[in-house]
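Peer 1: Chains as they are written, first to last, in the numbering used here: chain A, 1 to 310; chain B, 1001 to 1310.
Just so you know, the hints here were simulated from the structure itself, not pulled from any lab data.
Some clues are possibly wrong.
[To be verified] Listed next, the in silico DMTMM-like pairs over lysine to aspartate or glutamate satisfying Cα-Cα at most 25 Å (straight line):
no. : chain 1 : residue 1 : chain 2 : residue 2
1   : B       : 1111      : A       : 104
2   : A       : 262       : B       : 1259
3   : B       : 1121      : B       : 1135
4   : A       : 111       : A       : 16
5   : B       : 1111      : B       : 1016
6   : B       : 1293      : A       : 139
7   : A       : 111       : A       : 139
8   : B       : 1262      : A       : 104
9   : A       : 111       : B       : 1016
2 protein chains.
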Amino acid sequence: MTTLADIQAAALRIRDFVHRTPVLTSATLDREFGASLFAKCENLQKCGAFKARGACNAVFALDAATAQRGVITHSSGNHGAALAYAARARGVPCTVVMPDTAPEVKIAAVKSYGASVHFCKASERDAVCARLQQETGAEMVHPFENAHVIAGQGTAALELLEAVPDLDALITPVGGGGLCAGTAVVMRSLRPQAMMLGAEPEAVDDAARSMATGVRQPRVDGAKSWADGLMTGLGEPNFRLLKQHAVRVLTCSESAMLDAAKFFLQRMKIVVEPSAATVLACLRAIAPELRGKRVGMILSGGNTDFRWMQ
Amino acid sequence: MTTLADIQAAALRIRDFVHRTPVLTSATLDREFGASLFAKCENLQKCGAFKARGACNAVFALDAATAQRGVITHSSGNHGAALAYAARARGVPCTVVMPDTAPEVKIAAVKSYGASVHFCKASERDAVCARLQQETGAEMVHPFENAHVIAGQGTAALELLEAVPDLDALITPVGGGGLCAGTAVVMRSLRPQAMMLGAEPEAVDDAARSMATGVRQPRVDGAKSWADGLMTGLGEPNFRLLKQHAVRVLTCSESAMLDAAKFFLQRMKIVVEPSAATVLACLRAIAPELRGKRVGMILSGGNTDFRWMQ
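Construct all of the structure, not just a fragment, from the sequences and the given hints.
Peer 2: In structure tokens, the structure reads:
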């Protein structure tokens, strides 16, 4: 299981390859909540998402011989771009298997970092990955079930706590759960009394149902949501970490999520993708509980084609 | 004339009322230019623009008796919101005279800070201001010809140089010229060998023509530009400061400006208003001169209704 020491080691390992992202505040938000909110801007991270942290940690943790054979992954976008970025930083080959429904902007990002891209149906992705892995000898770096990836994602919370040590609550989106699990490890070690929250859209609420039932629920098949980054099911090690650290997973409607994304754009002047906006939408749903508290939000990414704005 | 000491005093005076905005970098931009670019994000400033700096400095520099009578200004938007914000912070009344063509989002911002708003035609604004000033006894805080405002705007450059001391060049937009003049004072004092640049759209190139002819040129009447923040003519004290400090004013086309605004939105994940995007558009026009250099950009604001995106 991922520990605080793993995450601290990751922070040192990736330091030269990721941004120390800013923490923004908004007087308007603080007035709305009667609380102090702190936004850790991973949308301003390398590749536009926190995924750069986990990918860099996984790639730079490989021994030299393994790294030379390259890395491979499947991803709807942000992890693919991040792995391509990390592989280029280390100078090793990278292959990304993407669903043929991935947004244009995310495909372009993966290609811009020099990775080779293979498209397939979501249902075939494991088979395609396995075949390519066999052909190339590349190391599989799973987007959210890889221990180094989970540890890397936790480094955002580590930085946020260095900037704002006295948080009473912290929320991250939950898709595969790597960010939320890594963050939970940090919070339970350094702020054990704080509320640790996860956010997901109602349309893909498998994490909320998993926590409610105590049994990992499958991803919602055929679900429709603007949160393209959160369509995946909760990973097995992440579910265990979320349970161990008593993470409370909240859900929000599509319209609440888009309202939140628009708030970031219009009032805070930053671009967040709908997946990232879930954190504000979910906080709004429990606003009375947060009065007078210091609340962190990890804004997971900013890669979007803005179609949701219309 | 504004001095470095005035700007340093302003920095102390406004410290508790403005954000120390982040400085962002982009590997994509650095690759494009073969240079290191640093974006000082005044779009993430209080009220969404650098104007909060000058307005706070002007309002908090007033003696108590004068401040009690309130402040008044005319503004197409950002300065009006900033003055309203500063007045509320000090607990004194504020009146803002706005052109009836001001963007919706800027009018809403002024009102949200509790100022009273008066609309008039651009041509009548001085008369309306004078009348209201007489009625209320309020202190006029000119958007860019007030010495405290100019000194306040210079504090952004002071912070940027604290973060990146070895800049070879720095560029700001030029409208009324308060930001550019204050910045020029800082640069000529602390980095006298660096290039000091101004940016404006071709459609409102009065500052460029003023510098070229050595005589202050009137604002371009009836000009059409998406740079609503830069439609005003260069102020008299600012023109003198720009000449004294040998500022080089560059111009850019509307399409280059909008391309730059889209780059910030899509690649750097931040919202800049078209006026602010002029800095990148103008740097692109002299990119060969910048190779290997360390170049600062002051992104002046992020208040926009996004109509230029279509």
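Peer 1: Checking one constraint from the list: CA of residue 1111 of chain B to CA of residue 1016 of chain B, max 25 Å. Satisfied?
Peer 2: With a Cα-Cα distance of about 22 Å, the restraint between residue 1111 of chain B and residue 1016 of chain B holds, given a limit of 25 Å.
Peer 1: Regarding the pair residue 111 of chain A and residue 139 of chain A, is the alpha-carbon distance no greater than 25 Å?
Peer 2: Roughly 19 Å separates the two Cα atoms, so the pair holds.
Peer 1: Going straight from one Cα to the other, do residue 111 of chain A and residue 1016 of chain B come out at no more than 25 Å?
Peer 2: Roughly 44 Å between the alpha carbons, so the hint for residue 111 of chain A and residue 1016 of chain B is violated.
Peer 1: Is residue 111 of chain A close enough to residue 16 of chain A, meaning Cα to Cα at most 25 Å?
Peer 2: Cα-Cα ~22 Å, so holds.
Peer 1: Does residue 262 of chain A pair with residue 1259 of chain B here, judged by a C-alpha cut-off of 25 Å?
Peer 2: 22 Å, holds
Peer 1: Sort out whether residue 104 of chain A lies within 25 Å of residue 1262 of chain B, counting only the CA atoms.
Peer 2: Roughly 16 Å separates the two Cα atoms, so the pair holds.
Peer 1: Tell me if the straight-line CA distance from residue 1293 of chain B to residue 139 of chain A falls inside 25 Å.
Peer 2: It is violated: about 39 Å lies between the C-alpha atoms, which goes past 25 Å.
Peer 1: CA of residue 1111 of chain B to CA of residue 104 of chain A, is that 25 Å or under?
Peer 2: This hinted pair is violated, its Cα atoms lying about 39 Å apart.
Peer 1: For the pair supplied as a hint, residue 1121 of chain B and residue 1135 of chain B, confirm whether the alpha-carbon distance does not exceed 25 Å.
Peer 2: OK: residue 1121 of chain B and residue 1135 of chain B at ~20 Å, within 25 Å.
Consistency with the previously given hints fails for numbers 1, 6 and 9, ordered from lowest to highest.
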